[in-house]
Amino acid sequence: MMHATASQTAGPYWHMIDFPEWADLLRADGPNAGAAGERIVLAGRITDGTGAAVSDAMVELWQADPEGRYDAGFHGFGRCATDLQGGFRFTTLKPGAVPGPGNSTQAPHIVISIFARGLMRALVTRAYFAGDVLLAQDPILALVPEARRDTLIARPAGNGEWRLDIRLQGEGETVFLDV
Amino acid sequence: MADPIPYRPLAEGSQPPYDLPAYGSTHARHPKAAPLRIPQTLTEVSAPRFAPTWYAPHEDLSTVDGKAALGERIIVAGRVLDENGRPVPDAMVEIWQANAAGRYHHPRDQHDAPLDPNFLGRGRVFTDAEGNYRFTTVKPGAYPWRNHWNAWRPIHIHFGLHGAGFAQRLVTQMYFPGDPLLDLDPIYQGSGDAEARSRLVAAFDLQVTQPEWALGYRFDIVLRGRAATPFENA
Ligand SMILES: [Fe+3]
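Chains A and B, in that order, are what the protein sequence lines are. Numbered according to the working numbering, the first sequence spans residues 468 to 646. Numbered according to the working numbering, the second sequence spans residues 18 to 251.
No lab work stands behind these hints, which were simulated from the structure alone. Even glycine gets a Cβ: it sits at the ideal position worked out from N, Cα and C. There's no promise every hint is true.
Reference listing, derived: stretches of chain B covered by chain A, where coverage requires no fewer than 3 residues with Cβ under 8 Å from a Cβ of chain A [to be verified]: (1) 85–94; (2) 153–159; (3) 180–186; (4) 199–210; (5) 225–235.
Okay, the calculated beta carbon distance ranges per label pair [stated by the list, open to error]: (6) Q206(B) to R616(A): 33 to 39 Å; (7) G639(A) to I22(B): 22 to 28 Å; (8) V600(A) to R103(B): 38 to 44 Å; (9) S215(B) to G625(A): 52 to 58 Å.
One-sided and incomplete, this derived list gives chain B residues near chain A with beta-carbon spacing under 7 Å [stated by the list, open to error]: (10) A28; (11) K49; (12) L59; (13) Y72; (14) M109; (15) H123; (16) R163; (17) A213.
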């Protein structure tokens, strides 16, 4: 059996492949133009172990459609560069609940991947939605130590915006997932 | 619904660590807690489909508006396979790199080397049914970075791959054979065991080389493979 090629840092110049419009999954000239569902913004700020903004990260989003499907035509992929304050901001549709292991159901969630200078491998985490009734039975969230679960739960900020700040290291460190 | 067949865990020694002391930028950016292993769900085994309709291929980086970039024109070709040796078709491969002088067409790159108006350094190709990809570019130059005194990156091309499952997503770098800087580069040296590192180095290939036109390099890429077939799993 062969082994997977080693991951390498995206470095500080990955913006060569940045297309800022990809942060808007609902863009008028994109693959999801006209898709129906609850329009949301997912935004946040990424900081490092010293509290400094991570201003050169490539953030990618991966999610199901509003019915919880990955294969029904909705293109659940986005990419966003962090700004000088470490901020990212995606416009998308709120995903639905997705089947989980066994007969379980996963609460609606969005996968967030972070690539950057200083990250030899991507960091992968999830954004769940505060207040969702399915959070209590989500099979993945159940594996996260209770004291750290909050780091995966986006909070409503009004007008359809949800916020999730990401701390790469140290106090309040985000729970990253080895998938 | 049956549980999806997961991708294999990454093999010991095949990947770099998050904490790489010789690479300064990892110090404040690596998580202190090991990432939490989770079972792969539909979320991790599904992946976005990148249709060329929406993501236009751009396989010739060596010209802009028909004008040739400066430097040594090269062809890079290879196959994208999974760990089970099966081709990965329709994978989107993103490419970015410095120009022949070692300068990125990027506002934050302040290296005192010339920009080339005929070289932007970004491309996008898709694998065919057998997993083959190919693009034309110029050989990048080495460039300095401030990681330590007199630090220079070995010449490299950045690759980003999107396979058939989210768990296959890979960002990596291709290096060139015989580069003396490889021995001195903390990123390359920190990238797993000797076998893992050697897989990051392309091979000069006379079959890929085109007479009177460009030298050819072969760079095969392996993405994670599924743990078992449905039959083995039954
Ligand atoms: Fe580079």
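Return the status of the interface hint for L59(B): holds when the least beta-carbon distance to chain A is below 7 Å, violated otherwise.
6 Å, holds
When you take the CB atoms of Q206(B) and R616(A), is the distance between them in 33 to 39 Å?
Between Q206(B) and R616(A), where Cβ atoms are some 37 Å apart, the hint holds.
38 to 44 Å as the expected CB spacing between R103(B) and V600(A), which holds or is violated:
At roughly 41 Å between Cβ atoms, R103(B) and V600(A) fall inside 38 to 44 Å, so the hint holds.
If you look at each residue in the stretch 180–186 of chain B, do at least three have a Cβ nearer than 8 Å to any Cβ of chain A?
That given contact holds, which follows from 3 residues of the stretch 180–186 of chain B lying within Cβ reach (below 8 Å) of chain A.
Hint check for G625(A) and S215(B) - Cβ pair distance inside 52 to 58 Å
53 Å, holds
With a C-beta cutoff of 8 Å, work out whether three or more residues of the stretch 225–235 of chain B approach chain A closely enough for the coverage to hold.
violated (count 0)
Has the stretch 153–159 of chain B got at least three residues whose CB is nearer than 8 Å to a CB belonging to chain A?
It is violated: at least three residues are needed, and the stretch 153–159 of chain B offers just 0 whose Cβ sits closer than 8 Å to chain A.
Count the residues of the stretch 199–210 of chain B whose Cβ falls closer than 8 Å to any Cβ of chain A, and tell me whether that reaches three.
holds (count 4)
R163(B) was flagged as interface toward chain A. Is the shortest Cβ-Cβ separation under 7 Å?
Hint on R163(B): violated, closest Cβ of chain A at ~11 Å, above 7 Å.
Count the residues of the stretch 85–94 of chain B with a beta-carbon closer than 8 Å to any beta-carbon of chain A: does the count reach three?
Contact hint for the stretch 85–94 of chain B vs chain A: violated, 0 residues under 8 Å.
Interface hint check: A28(B), Cβ to nearest Cβ on chain A, cutoff 7 Å. Holds or violated?
Status holds, d = 4 Å.
Restraint outcome when H123(B) is required to lie within 7 Å of chain A by C-beta distance:
OK, holds: H123(B) within 7 Å of chain A, min 5 Å.
Hint compliance for this structure: hints 1, 2, 5, 7, 13, 14, 16 are not met, and every other hint is.
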